[in-house]
Amino acid sequence: MPDLYEVADLVLAGASSGEEVEAYVSHSRETQVRVYEGSVEQLSVAEGLGVGVRVVRDGRQGFAYCGTFDPASVRAAVAEARDNAAFAEPDEWIGLAAPDGISPVSLDLWREDLLSVPTDRKVGLAVELEAAVRSADPRITGIESCDYADSAGETVVASTTGLRRSARSTGCELVAYSLADDGDAAQTGFGFSVGRTVDELDVATAARDAADRATRMLGATKPPSERLTVVLDPWVSAQLMGIVASTLSGEEVVKGRSLFADRVGEQVAASSLTLVEDPTDVRSWGATPIDDEGLAARRVPLISDGVLDGFVQSTWTGRRMGTASTGSAVRGGFKTTPTAGCRAAALVPGSSSPAELLAGISDGVLVQEVSGLHSGVNPVSGDLSTGAEGLRIRNGSLAEPLREFTLGSTLQRLLQDIVAIGNDLTWLPMTAAGVTLVIADVSISGQ
Amino acid sequence: MLDEAVIERTLGAALRTGGDFAEVFVEDRRSSSAQLDDGRVEELSSGHDRGAGIRVVVGDTTGFAHTADLTEEGLRSAASAAAAAARGGGGGVREVALTRQSAPRPNDVAILPETVGKGTKVELLQRADEAARAEGGSIRQVRARYGDSRRQILVANSDGLLSGDDQVRTLFVVSTVAFGDTGMQTGYESLGRTIGFELFDRVEVEDIARSAARRAITKLDARPAPSGALPVVIGPGGGGVLFHEACGHGLEKDLVDKGASVFKGRLGQQVASPLVTLVDDGTMAEEWGAYAIDDEGTPAQRNVLIQDGVLTDYMWDFLRSRKAGRAVSGNGRRQSYQHLPMVRMTNTYLLAGESSPESIVSSTDRGVYVAHLGGGQVNTATGDFVFGMTEAYLIENGKITEPIREGNLIGNGPTVLSEIDAVGNDFAMGSPGTCGKDGQGVPVGDGVPTLRVPALTIGGTAA
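Here the protein sequences come in this chain order: A and B.
Under our numbering, the final residue of the first sequence carries the number 447; numbering is consecutive throughout.
Under our numbering, the final residue of the second sequence carries the number 1463; numbering is consecutive throughout.
Treat each hint with caution, since some may be false.
To be verified - Below are the DSS-like pairs computed for lysine-lysine, each with C-alpha atoms no more than 30 angstroms apart in a straight line:
1) Lys255/A - Lys1118/B
2) Lys335/A - Lys1399/B
3) Lys222/A - Lys1437/B
Unchecked claim - Covered, in the sense of this in silico footprint (three residues per stretch, anywhere, with C-beta under 8 angstroms from a C-beta of chain B), are these stretches of chain A:
4) 9–19
5) 130–138
6) 256–267
7) 398–405
What the hints assert, rightly or not - Part of the chain B face toward chain A, derived, beta carbon under 7 angstroms:
8) Glu1396
9) Lys1399
10) Thr1401
No lab work stands behind these hints: they were computed from the structure.
Backbone N, C-alpha and C define an ideal beta-carbon position, used for all residues, glycine too.
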């Protein structure tokens, strides 16, 4: 591994007097294997690296990046960021993060052994998964893709304002997309397993999920349009809570784009709902000791017993709102500047199991997959309309499969209409964890 | 970008362990952007990425490696890694002699964005902000974004191909928030072309801004969208994403080969209404998905996918057509040198028909008129797709009446295609898009005339 601090120092050495300079340096090694019919279809080995540079002078911020550690290119990026700053308009709150007295916690996110796993073993896991999915059920007719992927990444954030910190983590996953056919129509499913190293991967569970998700949809029909009780499984609720969490960003609040902007202290959700952002929870796949400005990541309460506590903040949004950073700066890699956002939001689970919750529902729908969330949920207006698939619930039991329908509501309403939260908190590779949610009186649109 | 002899030696190194095919893809991408938000030019950003991706094919296995180090040593090391990944068995030396090829660019670029001062770009943002806010006091927030990119690529392979392209794209996007009694609503408009800064000699950023502002303001008065199945009329240029999702992805040969497409085995069959003729065209001058060569070195082409409702061809990448011994289609694309190419769309559009747009609306008793669609998603194996309506109205008694709130439409590709019962004579291309597949995003265009689908499920909440 290259020394990322050395690259960061090269950036900071380019600082002129009267300006703040920050280097965000990242490096990762990745392997991706795709198998098909028992053989390797694609095998990629990759090294991803780059530097993002922020320069702040006279209350103006400029940014530039380069996808190399070549010293001439890095120095050019510093010059370009400085030049860019001259064209921005001044802002009294702009500035880089500075140490705030909170030390990062130590998190165990790195498994050295992943780096020495032979490629054969990685290929073998993917081959094993593909075979397991194919043999799980006679109605499985094909595999759309079956992949193993891993990554070992390190990030350094260093600034002339006194921050100099790093974080590193490893991760790997197995994912299969399956096809099932009953002679009438095809259905698809997927299954996956995520770990910090290969020993944590669970081929059997991934295979069973991939087979179950496809076969249980065989014979699915389109339901009539009506209002009824909807149960979201953890896979679906994690996606939805990720969107809710995104509306609680200080960036959206200060720019007048959060529907929760003026509602701190108000009841914004059912009183059973408590939502917490906590990247220091090592179970979360978004866990990290530091945020993307180098401050210590920390626990941030967002909603407690249905009452809005506040928002996640970056340095800039914290200053602008008259508070402080909550250690919640996030970036999309070295090519972007930080904003405020969640990476590890989770609901506090309830006490009932999913089975107990289902048993109490006489007429409803269990939603196991949603589509078009990016086009169907407007996080500013709160309008929500998403494609869905799932199973009918009749008299407390799961019944026939349903497809090609939509769920319609608003984010504001949906949060108030949550009537029960399951005990099955599930950590998924997303910005929020999942848990079974029961929501009353949701519009479904079908026939 | 690189010396030919170096590329030849790199390809030789890639084949040293017995590969059937090797390819070097070199990319140098520079981009710049500027954003105004909340009334202030908050940030200018510049980026530079440069590197090479090398793939080696042995039998049905592809090995791939990439590097940001474009020295001969860096390239050789990536070539060895790709060869090891493909696990070539036999040894031997294969000489590769490259023949430089050229493909016509879809259009010229008059003003390279890198030659334009940053102050000039920033000024566009300020003009857009002002124009959007001038549309009315209900406009509370405006974000304007300017972006340009120049992507120079070189592709060389062991068949002796050596080709390159210089792709310049310029984009302007405005999004707004309007505030009223019913809460907040958003509006969005974007314009992008595969040309340079001359884009702004032809369009006024004020028009883009006003359109984004009006969309948000209109929705303040919008009623909840209906639920259930209704006739849907899609306006010109606003709904190309329908075909992108309903059948475009399903006609990509890699998905077809794996049985993950409802269009598998249907070549020569009637898969759509006879009113439907669908084309994918990478040569379409200036459009967002246009290029001279794809990312495997194949010149862009105009490919008719569906002719009068009959499926005439799928879209192909180079290796699949090479293996099948058939003509290439020019649809092998990748997001960057760090990715393997896949079968992708370019500019996908429905040819105009004969109906007048007015008659299509007036012959619809009750339904929804969609002026603008947002993004979508499809399951190619089942054909089920969704896409969002970002500007839509009710049709009552043959007339476009009140605006309705945002929502998704849901349908099944083959069903919708076969049911289309009217196609207008008023074709227009739509907004620039980014198509995502298997984690890779590439720029695409789409277009449609006015058309009608007799029944699509509207994902609203009203009865």
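query = Looking back at the numbered hints, which does the structure fail to meet, lowest number first?
reply = Hints 2, 4, 5, 8, 9, 10 not satisfied by this model.
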